[in-house]
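Student: Top line first, the protein sequences correspond to chains A and B.
For the first sequence, my numbering begins at 1 and goes up steadily by one.
For the second sequence, my numbering begins at 429 and goes up steadily by one.
Everything labelled a hint here was simulated from the structure, so no lab data went into it.
Think of the CB as a built atom: it goes at the ideal place given N, C-alpha and C, for glycine as much as any other residue.
There may be inaccurate statements among the hints.
30 Å max Cα-Cα, derived DSSO-like pairs, lysine-lysine [claimed, not checked]:
1) B:Lys609 - A:Lys341
2) B:Lys462 - A:Lys147
3) B:Lys609 - A:Lys72
Stretch-level coverage of chain A by chain B, calculated; a stretch enters the list once three of its residues show a Cβ under 8 Å from a Cβ in chain B [as the list claims (entries may be wrong)]:
4) 14 to 20
5) 27 to 40
6) 55 to 63
7) 168 to 180
8) 247 to 254
9) 379 to 389
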Amino acid sequence: MTTLTPVLTANWDRPDSFTLDGYGDYAAARKALTMDPDAVIQAVKDSGLRGRGGAGFPTGMKWGFIPQGDGKPHYLVVNADESEPGTCKDIPLMMANPHSLVEGVIITSYAIRASHAFIYVRGEVLHVIRRLRAAVAEAYERGLLGKNIFGSGFDLELVVHSGAGAYICGEETALLDSLEGYRGQPRLKPPFPAVAGLYASPTVVNNVESVASVPSIIANGAEWFASMGTEKSKGFGIFSLSGHVTRPGQYEAPLGITLRELLDMAGGIRAGHRLKFWTPGGSSTPIFTDEHLDVPLDFESVGAKGSMLGTRALQIFDETTCVVRAVLRWTEFYAHESCGKCTPCREGTYWLKQVLKRLEKGQGSEEDLTTITDIADNILGRSFCALGDGATSPIHSSVKLFRDEYLKHFEIGGCPFDHAPSTVWGTA
Amino acid sequence: MSHEEGAVVGATYPPEVRERLERDAKEIIGRYPKPRSALLPLLHLVQSEDGYVSDAGHEFCAEMLGLSKAEVVGVSTFYTMYKRRPMGEYHVGVCINTLCAVMGGDQIWDELSEHVGVGHDETTPDGKVSLERLECNAACDFAPVMMVNWEFFDNQTPDSAKQLVDDLRDGKDVTPTRGPKRLCTFKEASRVLAGLSDGLAGEGPSAAGASLEGLKVAKANGWKAPEAP
Ligand SMILES: Cc1cc2nc3c(=O)[nH]c(=O)nc-3n(C[C@H](O)[C@H](O)[C@H](O)COP(=O)(O)O)c2cc1C
Ligand code: SF4
Ligand code: FES
């Protein structure tokens, strides 16, 4: 049996967890700054840490791509835009434990030789922004940021920057454009941010949880981190359970834990109901059903079953939920958030929305199922960034797994579900 | 995209307002290696003055950063948090992304919108309350979720939502579930977003409710991460 492994969440029940007193003395940063920066990168490589923002790219390897001795300034940009539907781990982490992130920023910046770092946080979370800014201010006051940190000769400026409402700004190159003061639209890759990122300088963009995990690796060692998780998906991660579960919340566990195990801990599906479908890693990852309860939630195993680990955003829906309604709502989200830069996504998400609306009202036909699959095929792999690809995940997976439910809508000329029992206060 | 509100040419702030904004703006610009990076914060700053990004606000940002007004408008219209009309003193959002919608967000929106008598991105005639349909606000474990001036109001019901808005309109004190003791206004919130502190970070819980469920289970079972070597 897999058990929980609180590291980043361990101090969240302390009333002062968001202050230095409630966090600790930055021993890991102190240690890192006595190491050779390349040794810090090596430690993170050895730990096996992979990006926690969705794609799972090896973090140490990403840092290693930053050219050294190039005479250009380097930047670290923390991606705190957390807006993928279902994803809700970075926000409580920064609210309760912002110092883990600030300490991670110091270590990461030192490793990649950056003297300016940014935390790009979505704007719609006011109290999280206050906590981040207060943690940064506290770190400056104690000499943990600024000039000559720990007398090491290393200088670091850290700025908390608020976004202004746009899911696409979570895409790393759109985020950089936004941070430069432009509309947040993705850039052509290559060049990758490691070569030409912020202000065309070498830049590491990492997710909040990736960076916040770094202090524990430096403090306890790469082997300690790698002792958790599976062969290729090392370490711990926060699993976010939401929806029709008895106790939704944040469960920090080794990668490779299963939904069955997590549901056991969370009191199961809400009383009197059963699991119908779920997302393993947010709305951009193909949906699973109760057939997938025992799939180890690591990058490889989830991938082998046709979905993605993504952000471990486990949105759980029981048998009262209409899958067509769910897919329509996600599709409306993608259409709303499409930045409009490329045609397959801009036009495709618009048409998907139109056809799905018709389907949900029971005014569609079986041909419409072919139409939405065709439109999705035209987006997947042809769009400029991964937002377009993500928009096709709910479409393809739901048509495959719940074709009959789509058909039922136009057989009876409407939605076969009463939506009231799905609500928190609804009774079946 | 509508430009009616921006049609007044050459709108500017009175000198004392401008002086104050300029002081704040310069401090913010100074944090960035390149001034243009301060554009999003400056747009939040002018929103904190007017309750929306006004014509004078656009003009001010353009002047401070040496940009054309068209460039600034091009940016501000891209982001949903910048409003082109005055929002209410209390800007109330209801999450209608899938998870919240299914858990009751759709019903909350329908009932609340009817109760208040305004729709998406509209403001009540008394200027007190505006409503917005929100996408996922990264609090799905607290569904259905509402936000007021970007503070969390977790685990809502149609009744709690209507009560909340009634209290706001009656000037009663209202406390976010995970936030400071007192709710600030939309303009005050915008100032924090611009990067200026209001000193309230220490208020409210570290974490609450659903955020702590996993930790509780771990503690009850004596589960920990492996000991450090
Ligand atoms: C539309 C879109 C939205 C994204 N949103 C986020 C986000 O909010 N936070 C995040 O860390 N990564 C997000 N990503 C992934 C980032 O592009 C990038 O892969 C990630 O920040 C890298 O950090 P990591 O290697 O530490 O995971 C998003 C990607 C796409 C395509
Ligand atoms: S895929 Fe969508 S979001 Fe990405 S660049 Fe194209 S239009 Fe913009
Ligand atoms: S779906 Fe409402 S907060 Fe995530």
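Student: Which of the listed hints are broken here?
Tutor: Those not satisfied are hints 1, 3, 5, 6, 9.
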